[in-house]
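Q: Assemble the whole structure, with the sequences as input and the hints as a guide.
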Amino acid sequence: MKNQAGQAILIVLLVVAIALGFGLSIIAQSTNDVRISQQEDQATRAFNAAEAGIEEAMKNLNVGSFNFKLEDIAVDYKISESSVIELSFKENETAQIILGEKVNTITIDWIDTAKENENLSCSEAVAASRLTPASLLIEVIDADGQKIRMLGVNACALSDSNGLTDVLHQGEDNYLRQYSFSVNSNENLLRIRPIYNQATIRVRASQELPRQIYQVDSSAQSTTRETKAIQVKRTEPAAPSIFDYVLFSGNNINKQ
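Residues 35 to 290 (the numbering used here) make up the sequence shown, in order.
FYI, nobody ran anything at the bench for these hints, they're computed from the structure. Among these hints, one or two may not hold up.
Said to hold, decoys possible - Simulated pairs of lysine-lysine, BS3-like, Cα-Cα distance not exceeding 30 Å:
id, residue 1, residue 2
1, K103, K267
2, K93, K124
3, K112, K93
4, K181, K124
5, K103, K93
A: Laid out in structure tokens, this is it:
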């Protein structure tokens, strides 16, 4: 009888231990779920606050560092400007560059070789959408908007197909191609449109250009130290891309 009683006690203790372990596991899981939920909530609040920093910056684009509080979340944002444009543009989307009033040499690097959807093979290139790396149509516009000089360049050997200039000069850094040309003091606006494909485009000059782009970096940190950061770049206001279709025709593109 004593042995049976002892076995019964052991069984009861074992059941209690299992139940206790199961209960503690549930409590631990619930606690972990609550913690994760709180972290996600704080991360969302921090991201929304960082977005609010971007919105606040866009209301008044003055270069400098600023901060404010959104409820209990600290928001910091910085506005900077650059004379160099370096952005990705969709097929037929236009980049506009303000030239200023000086003789200058413009250098365009285009097609990021690290991006497979941009850096297609030239060996099988065809002058058609998505079948070649981007070619560029370039407009150089004078101060009165009356005289427009047109240039057109290919990243691959397509001149027999489209009449544009084939560029073989390798780009700097991570770019496939580079093209340079001169502008005079009465040419004050440049518009660049990639055709056939999207392209990352960088535009620089031998003499510093006017401001081309604002960059806003916004970050926010919640009370639980969840931090989120957002970066936005905004170019100067420009005419829509449809404007270029009016300007370009088959006989006004210069090969240089």
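Q: Each hint should be assessed against the structure and marked as holding or not.
A: Consistency of the hints with the structure:
Distance hint between K103 and K267 is fulfilled; the C-alpha atoms sit about 23 Å from each other, no more than 30 Å. About 26 Å separates the Cα atoms of K93 and K124, which keeps this hinted pair within 30 Å; it holds. With a C-alpha separation of about 13 Å, the suggested pairing of K112 with K93 holds against the 30 Å cut-off. Between K181 and K124 the alpha-carbon distance is near 27 Å, which keeps this suggested pair within the 30 Å criterion.
Using a Cα cut-off of 30 Å, the hinted pair K103 and K93 holds, with the two alpha carbons roughly 17 Å apart.
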